[in-house]
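Asker: Chain residues, written in single-letter form:
Number of protein chains: 2
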Amino acid sequence: MSTVDQPRPHVVVIGAGFGGLAVARALGDDVTVTIVDRNNFHTFQPLLYQVATAGLNAADVAHAVRGLFHGVDHVRFRNGRVSGIDTETRHVVVEGQQLLGYDHLVVAAGAATNFFGIEGAPDHALPLYNLADAVRLRNHILGCFEAAQVDPAAVEDGVLSFTVIGGGPTGVETAGALAELIDAVLSKDFPDLDLERVSVRIIEREQQLLAPFSSPSQQHAHDTLVSRGVDILYGANVRSVAADHIELDTGERISTHTTVWAAGVKANPLVESLGFEQGPSGRIIVDSDLSVPGADGVWAIGDIAHIVNDDHALPQLAPVAMQTGAHVAAQIHRVQRGEPTEPFRYTDKGTMATIGRRAAVAELPFGIRLWGTPAWFAWLGLHLVFLVGRRNRLSVLLNWAWNYFTWDRGPRLIFGPDTEPEN
Amino acid sequence: MSTVDQPRPHVVVIGAGFGGLAVARALGDDVTVTIVDRNNFHTFQPLLYQVATAGLNAADVAHAVRGLFHGVDHVRFRNGRVSGIDTETRHVVVEGQQLLGYDHLVVAAGAATNFFGIEGAPDHALPLYNLADAVRLRNHILGCFEAAQVDPAAVEDGVLSFTVIGGGPTGVETAGALAELIDAVLSKDFPDLDLERVSVRIIEREQQLLAPFSSPSQQHAHDTLVSRGVDILYGANVRSVAADHIELDTGERISTHTTVWAAGVKANPLVESLGFEQGPSGRIIVDSDLSVPGADGVWAIGDIAHIVNDDHALPQLAPVAMQTGAHVAAQIHRVQRGEPTEPFRYTDKGTMATIGRRAAVAELPFGIRLWGTPAWFAWLGLHLVFLVGRRNRLSVLLNWAWNYFTWDRGPRLIFGPDTEPEN
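In order, the protein sequence lines correspond to chains A and B.
Everything in the first sequence is counted per the numbering used here, starting at 55 for the first residue and increasing by one.
Everything in the second sequence is counted per the numbering used here, starting at 55 for the first residue and increasing by one.
Everything labelled a hint here was simulated from the structure, so no lab data went into it.
Nothing here was measured: the structure is a model prediction, and the numbers come from that model.
Pairs involving identical chains hold if they fit within one copy or between any two copies, as the list cannot separate such chains.
With a straight-line Cα cutoff of 25 Å, these simulated SDA-like cross-link-like pairs (lysine to any residue) come out:
1. LYS403 to HIS437
2. LYS242 to GLY82
3. LYS242 to THR86
4. LYS242 to ASP84
5. LYS403 to PRO428
Make a model of the complete structure from these sequences and hints.
Answerer: And the structure:
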């Protein structure tokens, strides 16, 4: 942690998501960096819905953190869960005991699913925020089809009824990919099942999908989803979630064994123990330079931070995490040089959401809108470029090409976090 | 299950391994086939050691069973665990309740790890027979390196000492691949660790490795492993296995946090409840035509069967499973036609084991022996040909090429069956 001349400042980064990696990559070797994450891998979250719908393998969207910093001597990695922060003595507690001292601390621990206190949702709804979520959802979907094959009564009970709560990008992407998986692949895997009994629906509180998009793009997404067999309920609020149904606040009961929770996130629960001032959804309030008020040397970025530009809170998206990460790295260097810090300015480079095969919507700066095939290719290309790791890029490209040309999907394994020992 | 003319005989196949798939593929559409497996996927077991050592992803060596029979209307799949067989009423019990009637039953349920009653082995040794085993072993190996990074005392305690029990093909392949993983990749992932503290050893009861091979091939395997840093203890018997050490029957105690169990298998425990006569390692005794004596219409193939040719029991290998599967399919058709059954004859096409990069041994018919690079390329090619599924072949080829040219390994994720929920 020190050179022969003078100790290099130690920057601890909590979280190896888009934000944490951006900080570590932008910091020079005049500091020592330790990234702490409970997983030993970075997850490319924008493609989790493809893992959940068997289009990609779990390993395609994950990359070992250590592998990203081969030969980068000033960046280290610590695999463990952060259990506390002491801003007085400037220490991070990992796994309840190991202490990491810091000169600067960047909190980039991301978000967690927000069930908004809906009864039964934590137990029965399936979120889609991390890799284990995605694999569990895939296993659950495939398991519902296996159950339907065995027991016709289960079909009556709603085992082939799939509900996505939330019509934002995650909800739209998941519902579109699920409809495609069923239509292109599961129909062949389960030729005895009556596909008429399968339903995929989105339940959206507002009167339109994809809140951040323009009205014509929203309509395009709606039309495409409906043409592919997705039902959309607008202005509907979920009152409770059970294993085999949901209930709306109108009292309407919908039979469904699969409730995907794409309704929103809140700050990582870690934040509750830190004592920092919290904004909407529990996010850490930050100053304009992204430092945390009252905690010397502490910064917060990405999904865990409540970042306001022009009186608007920035959305919890990968580009915000990456830009805030780079900004904080620059500010840390400014502090080291004794220069004043600068406020963060977000550059909006546009938003995209994919709906399925050759269908997507993209809204770029200068009012440029893309729909359908051009938007879909733009989406594919952009995600390949930003995907971490050349091997992953190659593998995802191969998988996408395979899926596209063969109308097939990846190995539809029921295997993962909940797999029991065999013998 | 029936045509308008007359009911087609129903063949139930327990197990979707090499044997079960061979039966199902060889049976014509004059019968109906139901394959039952507790996993919804076939596992290519010969490459499990590469999953365990992060050379391949879990999904590369698995293929959804349903995907193998698209358009093959007379073959169905049932995902579930067989809990019993009633040979009187000719029914198979699945998951304790669903009953499947059969005209012919092919027991191809494979094997389970045989711990030979060694104290502590079931709790602390890590087997390598199924996909969950392989992922758990990978997670454990990577976890040991993470633990060593955090706590130097753990290194003193043996956290970087890796022991493989058994010097057969699985043991040799695992030890060789592990030595390579450490040397080529983990040394870069963990630059702060002293690689001198890492040890990989094989403990073999006999005086040579690779029992079925010729003495010169055994010597070649020994020399190659030793040159790559693997220690080999011959004539050593393990008395007990604990979390942090093993004890030999000489009383010698070896500190090790990782004990890979490659010492042998026994018949799937399912066999204990069936009431069939059992041979060595609990395997089902079969007649020369592979029918089970005293159980009309029941056949046993592959690892679960004790198959004798020329007074020798055949080894528990993929080629035996595939050949016995094809044989039983032919016998079922003969029985249908009222013809007498024929005895099974095994055609030995040779044996191979890989030791690492450009190192393998192969013994083919007519006394042909291959070592080193030619054997390694023969091994790669043969495994690619036999790997199930074109997509898997493409992915494995890509992974191998990547590993070969970059000296890298796949995503070294600590993720899988034991992953806990994140929030």
